[in-house]
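For this one, chain A is given, so just place chain B on it according to the hints.
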Amino acid sequence: MSDASPKIKLLVIDKDPKTAERIAISFKVCYANCTLISAEEGERGLALAEIESPNMIIMDISLTDRHGFDVIRDIRLFSEVPIIVLSEEQDELYMVKALSLGADDYVIKPFNPFVFVATVRAILRRVSVYHYEQEDLPCLVAGNLTVDFCNRQVLRDGNPVHLTPTEYRVLYQLVRNAPKLMTIEALKRHVWNYNNHLNPCTIRKSVAEIRHKIGDDNNNCNWHIVNERGRGYRFVVSRGADKMVDEVGAKNLDV
Amino acid sequence: MVSILVMNPEGRFINKVREYLKKSGFDVINVEDRLVGLRYLSRIPSQFVVLVDDSLAGRQACSQIRYFSNVPIITICSVNSDDVRAIMLDLGADTCLSYPFSTVELAARIHAVLRRYRQQRSSYTVNNLWA
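Chains as they are written, first to last, in my numbering: chain A, 1 to 255; chain B, 1 to 131.
Extracted from the complex, chain A is given alone in its bound form (with noise of 0.2 Å):
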């Protein structure tokens, strides 16, 4: 999710080290985990594509060694990484080269930090979903409870529990932060994506649904979704019942 600060790695191609300093200032509002390599040549910055193999790229097309289009038609043989272009020239054929040779987005010099994140998120998201999600998220168990983030599958005693993808995202939320109180606004924000036409129902609705096909109902679970009355829900595991196992060791589990 994007408000999760997942970790990015960044790789800035340009000449002047003082674009590769703005991005960074604009990537640390949004993006706290994220790392910048920046290369000043093109051979230097293709060779860190390679070895690194960033999140995205953001390149200059005039480049001292290489000309940027040479770079992003070689980064295409091997990588399927997003690139945009930051460049000075604001004419359209460069724009429509730089595109069509494989770029995401082509933004031109200077930039608004605001609307060059926002680009950044936009292009992310598009790639990303995918990735995101799969990666190192662990698996938690809870007693007989188990949540499987990376195959966004639920356990009970072993059985799957089919939930409707609502109710997914909102134990997702829930579990995600436990112990944490999820207030019935944060929910509506990362669930029902800011929905004010909103029943209050609808929540209450979805938790008892959850409740009941995980089990919360009854009194030997070592877990429970508490409701903390007009204000939200939180998940609480009690004491020695959770640990948090990696993918591997929840692969073992199932079998």
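These aren't lab readings, by the way, just hints derived from the structure by calculation. We put the CB at the ideal spot given by N, CA and C, even for glycine. Certain hints may be false.
What the hints assert, rightly or not - Computed, partial: chain B to chain A, Cβ under 10 Å: (1) Leu89; (2) Asp94; (3) Phe101; (4) Ser102; (5) Ala107; (6) Ala108; (7) Arg109; (8) Val113; (9) Tyr117; (10) Gln119.
Just chain B, lined up with the frame of chain A:
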């Protein structure tokens, strides 16, 4: 053939652009009413949406599309404002253009976004098979 839904409430989309897109091999459907556009999109999946509207209702339409569909959206703003751009991008648009723009640029951007979109779709299917 890629079908493009053009949502164009104020009828600003120039005929020339439409002709150009048709010539470039796109199937263009022009809709003037936002609701009609949304309804159309929810029933007949288009491969691309061009939203020529940055008013409040246009922004709403953009986020409403994202509510049920992952279709690529290009918005065309009437003013060259950075704020509007950032808002539209955050509401779910893939790229933002502003008047005046060239038809060549529009087509190039549509191709660039489509390329990414197709990759994403193929990675989804791979993912499903793997899971």
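Item to complete: Could you work out which earlier hints the structure fails to respect and list their numbers in ascending sequence?
Response: none
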